[in-house]
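**Q** What follows is the residue order along each chain.
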Amino acid sequence: MTTPSPLPAIQPSQSDISVLTTRFPEKINPDSRSGYSGWVVDKTQLLAFASALRDELGYDYLSSVTAVDYLPQDQIEVVYHAYKTTGGPGIVFKVQVPRASEVEIPSLVSVYPGAELQEREAWDLFGVKFTGHPDLRRILMWEGFAGHPLRKDWHEPYFEEDAKPLKSRWPEGHPVKAESRNKYGDNIAYPDGFEPQNKTFDPEKALYDALQRNSPDELGLSTDRIILNMGPQHPSTHGVFRIAVLLDGEKVINLKPVMGYLHRNHEKIGERNTFIMNIPYTDRLDYLSSMSNNFGYALAVEKLMNVKPPERAEFIRVIMAEMTRISNHLMAIGALLNDLGAYFTPMLYSLEERELILDIFEAVAGSRMMCNYFRFGGVSRDLPEGALQKIKDLAFERLPRKMDEIERFLSENEIIRSRGIGQGVLTAENAIRFSAAGPLLRASGIPYDIRRAEPYSIYDRFEFDVAVRQNGDIYDRLMVRFEEIRQSIRIIQQAVKKMPEGPVMALKPMYQVRVPPGESYGRVEGPKGELGFYIVSNGKPNPWRYHVRAPSFINLTAFGPMCIGQKVADVVAVLGSIDIVLGEVDR
Amino acid sequence: MDTNEPNASGVDIPPEMQGQVAITSLDKVYNWGRSASVWPMMFGLACCAIEMICAAASRYDIARFGMEVMRPSPRQSDLMIVSGTVTKKMMPIIVRLYNQMPEPKYVLAMGACASGGGPFKEGYNVVSGVDKFVPVDVYVPGCPPTPQALLNGLMKIQEKIRGESIKGSRWYQKGGDMAEIPVPLLGPDLIDLRKAADLKTGEKV
Amino acid sequence: MNDMYGKGILKGLGVSLKRFVETYLDDLTWFGKRYRTDAGIAHRASKNARGIFTVQYPEEKIPVPEEFRFIPFLVYDEGRNGEKILRCTSCGICAKVCPPQCIWIVRSTDPATGRPVPDPAEFMIDADICMNCGLCAEYCPFDAIKMDHDYELACGKRNVYDKERLSKPALYYESIRPINAGRENAFRAAKTAARAGLSE
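Residue numbers (our numbering), protein chains in the order written: chain S, 312 to 898; chain F, 117 to 321; chain A, 0 to 199.
Bear in mind the hints are in silico, worked out from the structure with no lab data behind them.
Since we're looking at a predicted model, the values are computed, not measured.
Mixed in with the good hints there might be a few duds.
As the list claims (entries may be wrong) - Counterexamples of contact, computed for chain S against chain F with all Cβ distances above 10 Å: (1) 410; (2) 452; (3) 557; (4) 692; (5) 762; (6) 809; (7) 812; (8) 871.
As the list claims (entries may be wrong) - Just the calculated beta-carbon pair ranges, DEER-fashion: (9) 824/S to 187/A: 23 to 29 Å; (10) 111/A to 220/F: 56 to 62 Å; (11) 700/S to 164/A: 34 to 40 Å; (12) 20/A to 539/S: 22 to 28 Å; (13) 703/S to 220/F: 48 to 54 Å; (14) 769/S to 49/A: 32 to 38 Å; (15) 809/S to 8/A: 40 to 46 Å; (16) 704/S to 8/A: 28 to 34 Å; (17) 161/A to 697/S: 52 to 58 Å; (18) 220/F to 496/S: 53 to 59 Å; (19) 494/S to 154/A: 27 to 33 Å; (20) 766/S to 58/A: 48 to 54 Å; (21) 294/F to 111/A: 57 to 63 Å; (22) 494/S to 161/A: 24 to 30 Å.
Note that beta-carbon positions come from the ideal geometry of N, C-alpha and C, so glycine has one too.
For reference, chain S alone in the conformation it holds in the complex:
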């Protein structure tokens, strides 16, 4: 069976291409590798190219920045994806530099401020130095860690083989604990010549220095300013996330989020896994909405394999994705109200509805949260008896009634209104500059929803509105989530009426898939924003590079600027309204 050649990934329009080629005659070239698309930009022209993209062609939204280590070709490549907020396909451009222990590339933070955290991640995991970045520190690992982990020649302490399946499990699979293979008896490795008991380390110094720098002292009096650490263990149920705040009394002067406390090496493990083995791992990214993560990954690989799922599978996928959106927003509303001080009661109301949705997931996929349901070419099994009836009951009877009750319960509450209206404002142009996505973007007045801007799967056949509000404060983000739940219920109602019979899987079930070489970027409108998967395959059963564009991570770029000038008590409320999940932020 010949493998079909993959579709080209992203196609900007002809007029855009002609503007670029006339402006930069020799310095940019189309990427000519088979299965790849986009432009290779020379390092010296990068800033001019990006400014032209943003100002003249209208690509004002930088979606993703990541790096790839091409060890056999001896180069490191940094890949950028940019889109227009008016909708349509985007553009992908890359910068290639020869491989060295430290490489330098100009930083795009002056053109697209949303690249700030992503460039820090590329520095941390690949060793790519971005000149001109305001604060280039490690972000997921701690200052002082030895090495840049995602490079291909860096092996983790429990390294066995480059790719799974490992030969030591069969046919002579005598169980050997991984600890006993490592010379320290544990998952650690020290560089040569290191004496553990002689050194003292201070990983915090760089953080506090960065916090104090660039913080304006408005009155000119040298008053005493406090550095307050909130987290990583704190009552707000967002996970292990730490915020370092510089305070003048109760007013926030500067704020830096610190993450990496749940960095589980998803991308490195993803490179060792085969393509199918990665599906259960994507469940654990945004662990509240596992079906959405599966969806994004399946879309990305199906683009490379050039496979389209059958009709019934598409309908099932849309129903599951929308139910995931409802369940996620219920949890987000509950968590936001928990942060505002309504200690656990509204969460009990919204978790009750979520339990009914999780019952359906358990009946269909086998597990409440880690569904592992989607496969390349469809879904893994058909809906069981009675599941469709349960979905109909929920969508037509119970959920609309209960959402009315919850909204009546909460939206006119005076305390929520006074704590929410006008606090934590994110203006529309800042939202685009900081690459905010999802409800954060739409509450600030930008009606950008991927299901409308660049429809995937069968979303173009359903009627639904995009929930938008104008002010961009905490209250608006709460209301946008209520509205999105109602629109999701509307989509499910249409989908269950139109669902056809038929097979649910286009390909035969096989436990090892071969994916043609190339790159692909598959993105879905997850409940938290644009969830994208960037996959580079070289024809082997394991991906060469596997990157997740995590919406919660990039939404945190806007977190600092949103909180400056607010009181310290509002910081937690703003964090709750951004709705982060640490599995995604740290990956």
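Chains F and A: place on chain S using the hints.
**A** What follows is chains F and A alone, placed relative to chain S:
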């Protein structure tokens, strides 16, 4: 009042049995009080934390077991439910929190990641199981364990508490305070100070 | 718009009060059979649930659906003398497809000839690594490894399960997954009938 003196119960107890009888029924009362009101520390790390929140929500109410008071402060809690993957960056904080808990204290490793590293065991930032640093009383496998499985694990902790006796428990004896676990450092990799004295590069521990 | 300050809060309290009353009304309509009965549990887990929603574990357990997956187990058929014949042929597909690689299989060899025998000599699953994904059960060609429903596995030590602990009878498998087992048995019966028909 001297707590070693048996309570005057009004029942005639022969003198050689006096010591044992009072302490046995005192055991029962103490253990009943302690096991019926274990206060967990609100310590959710990852996905298992969501199942812990669902266990605390209205369908699988842990308030029926007396555990709904989830204190964020370690000084006021009895049980640390380690729910989620423990990473090296987080490990110093977990050890510090465990040291700050007052005795008697218990640890429940919830999920595959806290028990033995879980599916992320091969990662460079993951500690394979929280019991590498902190003594664990009950392991609950699953990824994530359903709330009913977590309740089963909590019932095992309650059984363990009910099986303890005042005479035998370390925390009721004089002296014998548990030494604090030294907080690991973050250098080029995680440094466990209990092994650092023996660790030199290249030598097997 | 807030002519009376506090109106929103009172509306919210009204919702809570309505819920409080609904529980007792529901109790009355059920005549005391709302708790500890299967019908009561099913009602409280359905869309018609009103009022209190709690399912009181351990006295009441919500029945898990058929597709539910927890730790895997090996299926054996009962032989004539009651011996356990494992369906596993140690082909190794489950070990190859397991994402965190937590399955360890040693294939038996015939002591006389040294040739491999389709039977596992050792089969270990590290339940502290298993992520309950079900890929091993999905891709096994011999219906030999399936996902269990038993979730009450908490204990005081680490969990590595060996072949003895993992083996469970085929009748148990049919009792927990009747629809799947029925379909697989029918498929296998049709295959043996076709082969018998061909060989005649």
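**Q** Report the numbers of all earlier hints that the structure fails to satisfy, in ascending order.
**A** 2, 12, 17 and 18
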